[in-house]
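Engineer: Just need the whole structure built from these sequences, with the hints factored in.
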Amino acid sequence: MRITGRLCTLALSSMVVAGLFATTPASADNAEAYAGSAAARALNLDVLGIKLTAGSTDALANSSPAAHANGSGLGLIADSTSKADATAGQDQSSPKACALNLPISGILTVALACSQSSASAIGGNPLAASSADVAAIDVGLVNLVLELLQPILDALTPVLDQVIGTVTGTLQPLIGGALDPLLGNLGLNLNSPVRSLVDALKNVTNLATVHVGDTTSSATTDAGKVTALATAKGGEVDVLPGLGMVGAAPLLSIVLGSATASSTFDRTTGQSAASFDPSLLTLQVLGVTVPVGLGAPITLFPGTLLESTISIGAGHTISNPDGTVGAVADGVSLQLLKGVSGGITLELAHAESAVGGAKALITAQSVNPPAPPAEVKAAELARTGAEAPWLPMGMMLILAAFVTRRVTRARR
Amino acid sequence: MTQERQSVSELLSSKLWLRRTLSALSVVLLLSGLVLIGYPLASNLWQGRLQDRLGKQLASPQLRQAYKDRKVGTGDSLTRLKIPDIGVDVVVVEGTTPSALRAGAGHYTQTALPCDVGNVAIAGHRTTFGKPFSNLDRLKVGATIELDTPVGGCVYQVSKEPFVVTPNDLSVLDAIGGNRTLTLTTCNPKGSAAERLVIKATLSKDLKQA
Numbered sequence: 001m002r003i004t005g006r007l008c009t010l011a012l013s014s015m016v017v018a019g020l021f022a023t024t025p026a027s028a029d030n031a032e033a034y035a036g037s038a039a040a041r042a043l044n045l046d047v048l049g050i051k052l053t054a055g056s057t058d059a060l061a062n063s064s065p066a067a068h069a070n071g072s073g074l075g076l077i078a079d080s081t082s083k084a085d086a087t088a089g090q091d092q093s094s095p096k097a098c099a100l101n102l103p104i105s106g107i108l109t110v111a112l113a114c115s116q117s118s119a120s121a122i123g124g125n126p127l128a129a130s131s132a133d134v135a136a137i138d139v140g141l142v143n144l145v146l147e148l149l150q151p152i153l154d155a156l157t158p159v160l161d162q163v164i165g166t167v168t169g170t171l172q173p174l175i176g177g178a179l180d181p182l183l184g185n186l187g188l189n190l191n192s193p194v195r196s197l198v199d200a201l202k203n204v205t206n207l208a209t210v211h212v213g214d215t216t217s218s219a220t221t222d223a224g225k226v227t228a229l230a231t232a233k234g235g236e237v238d239v240l241p242g243l244g245m246v247g248a249a250p251l252l253s254i255v256l257g258s259a260t261a262s263s264t265f266d267r268t269t270g271q272s273a274a275s276f277d278p279s280l281l282t283l284q285v286l287g288v289t290v291p292v293g294l295g296a297p298i299t300l301f302p303g304t305l306l307e308s309t310i311s312i313g314a315g316h317t318i319s320n321p322d323g324t325v326g327a328v329a330d331g332v333s334l335q336l337l338k339g340v341s342g343g344i345t346l347e348l349a350h351a352e353s354a355v356g357g358a359k360a361l362i363t364a365q366s367v368n369p370p371a372p373p374a375e376v377k378a379a380e381l382a383r384t385g386a387e388a389p390w391l392p393m394g395m396m397l398i399l400a401a402f403v404t405r406r407v408t409r410a411r412r
Numbered sequence: 413m414t415q416e417r418q419s420v421s422e423l424l425s426s427k428l429w430l431r432r433t434l435s436a437l438s439v440v441l442l443l444s445g446l447v448l449i450g451y452p453l454a455s456n457l458w459q460g461r462l463q464d465r466l467g468k469q470l471a472s473p474q475l476r477q478a479y480k481d482r483k484v485g486t487g488d489s490l491t492r493l494k495i496p497d498i499g500v501d502v503v504v505v506e507g508t509t510p511s512a513l514r515a516g517a518g519h520y521t522q523t524a525l526p527c528d529v530g531n532v533a534i535a536g537h538r539t540t541f542g543k544p545f546s547n548l549d550r551l552k553v554g555a556t557i558e559l560d561t562p563v564g565g566c567v568y569q570v571s572k573e574p575f576v577v578t579p580n581d582l583s584v585l586d587a588i589g590g591n592r593t594l595t596l597t598t599c600n601p602k603g604s605a606a607e608r609l610v611i612k613a614t615l616s617k618d619l620k621q622a
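As given, the protein sequences belong to chains A and B, one line each in that order.
Quick note, the first sequence lines up with residues 1 to 412 if you use this note's numbering.
Quick note, the second sequence lines up with residues 413 to 622 if you use this note's numbering.
Worth flagging that the hints you see were computed from the coordinates, not collected in a lab.
Cβ coordinates follow ideal geometry from the N, Cα and C atoms, glycine included.
Some hints could be false.
[Stated by the list, open to error] Simulated pairs of lysine to aspartate or glutamate, EDC-like, Cα-Cα distance not exceeding 20 Å: (1) B:K552 with B:E573; (2) B:K602 with A:E380; (3) B:K617 with B:D481; (4) A:K225 with A:E307; (5) B:K612 with A:E380; (6) B:K427 with A:D322; (7) B:K552 with B:D501; (8) A:K96 with A:D138; (9) B:K480 with B:E422.
[Claimed, not checked] Going by beta-carbon spacing under 7 Å, a handful of chain A positions derived as facing chain B: (10) L160; (11) V163; (12) E380; (13) R405.
Structural biologist: What follows is the structure, encoded as C-alpha cells:
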C-alpha cells in the first residue's frame, strides 16, 4: 500500500503542478491553487489479484473549486455505495446507503455495509466528506433498564450514598490522585456518588455500540487552510457511550486496528505538513487513554517466493520536492507470499492523505481562471450485475482460512 | 526449507500475539468466504419475499390510482413482466436505483410507462436478487414479452437478436418516432458489469382496459 500512497501523492502533486502551470500567465501573477485528498480503507484484502475492500471512503477538494466524495460499505454491494460531487456554488449530500439497516426502536440497531457522502463548493471553500462502516450494532435498552430500576434506586440511593460516601471520604486522601481524573470526567459527586452516577447514566445513549470497519475521509477548506484527514478503524467497542462529562466519552472504549493520516496546507504561508497515527490497540477509560505498545514489522523468508511482511501500527510521511506532502498509516498490514502472483495482502485500518498547493501571488488586477473541475462521470445504464465472482472468491477465502489455520497449528 | 519451517515454528511459539492474530485472521477469512458464497442465495431469498409484497401491492386500488395519476414512487410496483420462453415472471418496480433494483427489475423513470407510446425500458438483475434476466441472451426474435399493469396489459415481440452495448450507451433508452417499443437491459457478461445486454421488442397487442 506504500506504492498506492506514493502514487496517490504523486498524482495529487502532478494535478496541483499542472493546475498551477495551466493558470499561470506570462506575468508573475498566480491564482491560488491547492488540492487535498484523503482515502481510508477498513479492510483491504487482495488474494492473488482478487480484491475485496470493506469500509472504503475517498474525499477530494481542490481550488477549481470542486469537491468529490465517495463511500462504500462493502465494495461488492452496490447498495452500500454513496457519491457526491459539487462544483462552484453547488451543495450535494447523498442519503445514507446501507445494504441492511434494521432499527428496532430503542432496543437494537443493526446496520450493515453503510456509507454516506457529501460535497459542497459554496463560497469558494470546497468541502468533501464521506463515511462508511461495514457493520454497526447499537444496543439500546439503557432507558428501559433505568426505568425498571428506578424504584429500587430511589429506595437504595440515600443509604448507598451514605455508606459509599463514608468509604470514599476515608480513602480519598490515599487514592485520590489516581481516581480524580476518572471521577472528574464522570462528574461524580463524592457526597452523593450513587445519585450522581444515576444522573450520569441518563446521558448514556446506548448500552454498548459495536462498530466494525469504520472509516471517514474528509477534505475541507477554510480561509486559513486546506485539511485532508482520513481515519480507519478495524473494530471499536464502546461501553456506555455518553457516560463521561468530557466529550461524552464512553465508560470503556476498545479500538482494534486504527489509523489516522492528516495533511494540511496553510493558505497563508503556502506551507504543507503531514502527520500519521497508527495503532494496533487503543484502550480508553472515560476518555483517559491507556497506552498500548506497538510491535515492529517482521519479514519472514526474505528474498524467497514466500517472503512475507507483517506490520503492526506502521506509518510514514512523504514530502515531494514540489512541496506536496502526504501521510500513510496502517493499523495492521499483512503481505504474505509476495513472490507468488502478487501474494496475499490484508490491510486492517489503512489511511492516507495528501495536500499540495501554492498560495496566491497577485500583483496585477486580473487573475487567470482557475483549473477546470475534475471530470464528471457520465451516467450509465442501470448496473444489474455484480462485479465479483462470488463463488470462486468465497472458496478462495475459505481455502486461505484453512491454510492460515494450519500454519497456526503447525507449531504444535 | 526445513530450517525455514523450524524458524516459523519457533516464531509462532515465541510470539503469542502472532498466533492469535493468525487465528483471528483465519476466522475473518472463513467468515468472509461464507458471506461471499452465501450472498447470492441470501439476495435471492430477499428478492423472493419482496416480490410477494410487490405482487400484493400491484393489485391494490391505491397503486392503481397512483398509476393513473402517474405518481408511482421509486421502489413501488409498476407492472408485472412475463417472458414465457425463459420462464420470467417478475414484478417490476419504478426506478433503477440500487435499492429499487433489489426487487429484481426496475423501470427507467425517464422512459415511457408500460404499454404507452414511446420506449419502455426495464433493467433487471442477471446474477443476484432473483436473477430474473439471467437467461435474457437466449431470447429469439419473435419471442413474446407480456406486461400487466394496474390498468391493463400489452404484449411485445422481440424484434432483434440480443446485442451488447457499453454501460454509458444511453441511446438504447431513446424512443424512435411514435413507435411503442420495449427495451430490456441487464449486465453482461454474467457476473460482470463491464457491458450491457439489450433486448429490443415492439408492441404486438394492446390489452389496455378502458
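Engineer: If you test the structure against every hint from before, which numbers come out violated?
Structural biologist: The structure conflicts with hints 3, 4, 6, 9, 10, 11, although it agrees with all the remaining ones.
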